[in-house]
Amino acid sequence: MLIINNLKASIGGKSILKGITLEVKPGEIHAIMGPNGSGKSTLAAVLAGREFVEVTEGSVTYLGKNLLDMSPEDRAKEGIFLGFQYPIEIPGVSMVNFMKTAVNEHRKHNGLDPLSASDFLKLMRDKKELVEIDSKLANRSVNEGFSGGEKKKNEIFQMAMLEPKLAILDETDSGLDIDALRVVANGVNKLKRPDNSFIVITHYQRLLDYIVPDVVHVLYDGRIVKTAGRELALELEEKGYDWIKKEVENNVLS
Amino acid sequence: MVIHSIMEKDQDKILSDVTSGEYKYGFYSDIEMERIPKGLSEEVVRIISAKKNEPEWLLDFRLKAYKHWLTMKMPAWPNLRIPEINYNEIIFYAAPKARPVLNSIDDIDPELRKTFDKLGIPLNEQKHLAGVAVDAVIDSVSVKTTFKETLAEMGIIFCSFSDAVKEYPELVRRYMGSVVPYTDNFFASLNSAVFSDGSFCYIPKGVRCPMELSTYFRINSANTGQFERTLLIADEESYVSYLEGCTAPTRDENQLHAAIVEIIAEKNAEVKYSTVQNWYPGNKEGLGGIFNFVTKRGMCKGENSKISWTQIETGSAITWKYPSCILRGDNSTGEFYSVAVTNNYQQADTGTKMIHIGKNTKSTIVSKGISAGHGQNSYRGLVKVLKNASNARNFSQCDSLLLGDKCGAHTFPYLEVDNQTAIVEHEATTSKIGEDQIFYCNQRGISTEDAIGLIVNGYAREVINKLPMEFAVEAQKLLQISLEGSVG
Ligand SMILES: Nc1ncnc2c1ncn2[C@@H]1O[C@H](COP(=O)(O)OP(=O)(O)OP(=O)(O)O)[C@@H](O)[C@H]1O
Ligand SMILES: [Mg+2]
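If you read the sequences in order, they're chains A and B.
Under our numbering, the letters of the first sequence match residues 1 to 254, in that order.
Under our numbering, the letters of the second sequence match residues 1 to 488, in that order.
Certain hints may be false.
[Said to hold, decoys possible] Calculated pairs, DSSO-like style, for lysine-lysine (alpha carbon to alpha carbon, straight line, at most 27 Å):
1) B:353 - A:136
2) B:362 - B:272
3) A:8 - A:190
4) A:226 - A:192
5) B:387 - B:353
6) A:108 - B:477
[To be verified] Incomplete in silico selection of chain A near chain B, CB under 10 Å:
7) 51
8) 85
9) 89
10) 99
FYI, nobody ran anything at the bench for these hints, they're computed from the structure.
If you're wondering where the values come from, they're calculated on a predicted model, not measured in any experiment.
Using N, Cα and C, we set each Cβ at its ideal position, and we do this for glycine too.
Generate the whole structure from the sequences, applying the supplied hints.
Next comes the structure, spelled out in structure tokens:
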């Protein structure tokens with residue numbers, strides 16, 4: 001599905017990602033953890049195609065294609081979804097109109113006719129139920145005046161609408177109460193299929209109680225310094241990142 | 001629901017059309033034209049009047065206006081950079097040659113008909129949008145008015161200004177200049193001296209006009225100015241919705257358009273006047289484009305009358321216009337809804353004047369400026385409440401939306417209140433389309449152009465919703481196209 005090879009990237013001349021290698025296979029869930037500022041969101045930004053991050057070395061192959069050559073909207077239409085750490089407000093643009101445009105752009109890309117108004121509204125209704133999002137939110141402008149938790153749920157709702165092949169969820173669990181956390185996790189679990197994959201960026205092991213990852217990576221100072229099974233998340237929760245930092249330093253010394 | 005599905009289809013067309021971009025109406029038609037020599041003098045004014053076989057009183061009106069114009073100077077107060085205009089280089093009258101009496105569609109010069117077909121304005125009544133009557137004006141003259149007979153059955157007069165002068169001289173004489181006198185301002189005086197044609201409309205007492213009336217203005221000839229006049233009279237208890245559209249060929253020289261629109265609403269009458277202004281805006285470097293200097297004013301003459309202006313201004317190199325309402329009748333209402341776009345090097349100084357004279361008069365102003373590229377957009381509005389206008393109300397909302405950081409938005413609200421009971425409210429906001437917003441849309445599969453379209457149409461919705469249904473989609477499309485290439 002996704003092969004990242006020795007990816008290096010910088011922002012404004014400052015090197016942030018310092019050689020990341022990672023492979024995500026169809027059906028897998030990867031968790032990425034790591035201290036603040038280590039580059040998790042930057043990695044997500046590179047995958048989604050944000051321009052201000054400059055790729056200086058390495059390659060990313062997505063479904064056999066060079067991802068870095070594709071425009072952000074083509075990546076989206078090819079099935080990459082990014083759940084934003086900080087979802088953006090778009091005043092004046094209704095969720096309905098926004099999602100309708102997005103869904104129909106996806107359909108066009110796949111050679112399908114646009115959905116009729118009634119089919120579209122039915123799809124909205126079904127997916128709203130799936131992610132237990134308040135009906136009223138879907139009638140408002142995109143994220144405008146949504147609470148922090150509502151914004152995160154709205155990301156999951158959009159993911160459900162667009163049914164991506166590879167979803168990257170950047171701290172979608174942060175700031176959620178326990179019920180909302182369950183909703184988000186359920187959203188992911190219901191969408192999970194043998195042919196789609198998830199990269200879940202999180203600080204909290206509790207999310208991983210609901211969404212069971214196949215692999216857990218630790219990103220530290222722009223590098224993946226540790227990769228293991230889900231037990232790694234528990235260990236991190238218990239011991240923090242200090243031991244990892246020490247390990248890294250020792251490695252560098254030795 | 002039928003309407004809904006039409007809209008949807010059109011929406012898709014918008015998306016596919018948008019990829020082609022650019023100004024679509026920039027073609028020039030090779031129509032045989034009669035032109036008078038360029039330049040302006042008393043002689044030219046007389047020639048224009050003679051060409052139209054005008055009565056003495058009208059020639060007098062023109063000559064008085066011309067003499068007054070000679071004493072005037074270009075207004076310097078607008079927030080615009082206007083290059084010097086040489087009035088001796090302009091041709092003041094151009095008309096398609098050998099204009100026959102047009103009794104049927106077949107009489108129209110095929111080239112001319114093609115022109116309007118290309119613009120999506122078929123002059124053939126069967127083919128036309130159901131429920132819309134059209135007066136088509138090319139350069140200096142009206143070439144065809146559709147549905148004239150159908151309307152006449154209800155007593156509605158809808159014809160070219162020139163025909164009205166011939167057939168209804170009393171009405172024209174009574175109302176012309178009663179709202180915009182020939183001394184009003186520099187461009188109004190100029191128009192009053194040299195105006196060539198335009199539309200005339202009279203809705204008799206108690207009649208609701210059953211279809212949209214619209215005038216379609218087209219500048220075609222080079223080096224000509226377009227000076228049309230529209231006079232719209234809504235008699236007591238009547239209603240009419242009126243729309244004007246405008247386009248012009250792509251040219252490197254600037255061309256002058258100085259029009260006058262006068263509206264009179266008698267007791268309990270209502271007039272909705274909508275404009276979709278898409279004159280050639282000039283190229284990306286600011287070369288060429290129409291100078292659009294227009295005086296539009298409505299008089300709410302009778303009690304409970306209402307005049308509502310809606311304008312979508314996407315074209316012209318420079319726009320200078322302030323559709324206004326004089327609220328003379330007690331309980332009368334004036335409205336102004338505007339979206340003005342300036343992209344590349346376009347400049348706009350536009351707004352309104354609401355003059356409260358009668359008691360319990362109400363006015364609403366909603367202005368949405370959109371600036372992109374190096375565009376400069378100014379809102380200028382006056383709310384004036386006279387001494388006897390007790391319980392006057394005004395609400396003004398002026399919003400500016402910026403794309404990029406080389407453009408500018410400015411607001412100049414003026415308030416003159418001479419009555420203690422007046423309630424006047426003013427709100428203003430400025431916002432920017434952020435890169436974050438665009439990227440968020442991109443990440444959902446929406447291209448940058450479409451994202452801007454979504455955001456801009458969301459922003460302008462309140463105004464677009466005021467347009468007649470048939471034109472709302474057109475307006476949405478225009479907004480998106482006119483902002484193309486403004487980001488990234
Ligand atoms: N737009 C930007 N301009 C300058 N520096 C940036 C920008 N975005 C990120 N950075 C820097 O890049 C580094 C990595 O940031 P990133 O957001 O990827 O961290 P993160 O791992 O997601 O952290 P967190 O857990 O706090 O979300 C940080 O030092 C941050 O300050
Ligand atoms: Mg982050």
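Here is how each hint holds up against the structure:
Of the supplied pair hints, the one linking residue 353 of chain B and residue 136 of chain A is violated, its CA atoms being roughly 39 Å apart against a limit of 27 Å. A threshold of 27 Å between alpha carbons decides the hint, and for residue 362 of chain B with residue 272 of chain B the separation of about 16 Å falls inside it, so the pair holds. For the suggested pair residue 8 of chain A and residue 190 of chain A, the alpha carbons sit about 34 Å apart, so the restraint of at most 27 Å is broken. As the CA atoms of residue 226 of chain A and residue 192 of chain A are separated by approximately 25 Å, the hinted pair is consistent with the 27 Å bound.
The hinted pair formed by residue 387 of chain B and residue 353 of chain B meets the criterion: a straight-line CA distance of about 17 Å does not exceed 27 Å. Distance restraint check for residue 108 of chain A and residue 477 of chain B: the Cα-Cα separation of roughly 20 Å lies within the 27 Å cut-off, and the hinted pair is therefore satisfied. Interface hint at residue 51 of chain A: satisfied, since its Cβ lies 8 Å from the closest Cβ of chain B, which is below the 10 Å cut-off. Interface hint at residue 85 of chain A: violated, since its Cβ lies 12 Å from the closest Cβ of chain B, which is beyond the 10 Å cut-off.
Hint status for residue 89 of chain A relative to chain B: holds, with the closest Cβ pair at about 8 Å, below 10 Å. A cut of 10 Å between beta carbons decides the hint on residue 99 of chain A: the least distance to chain B is about 8 Å, and the hint holds.
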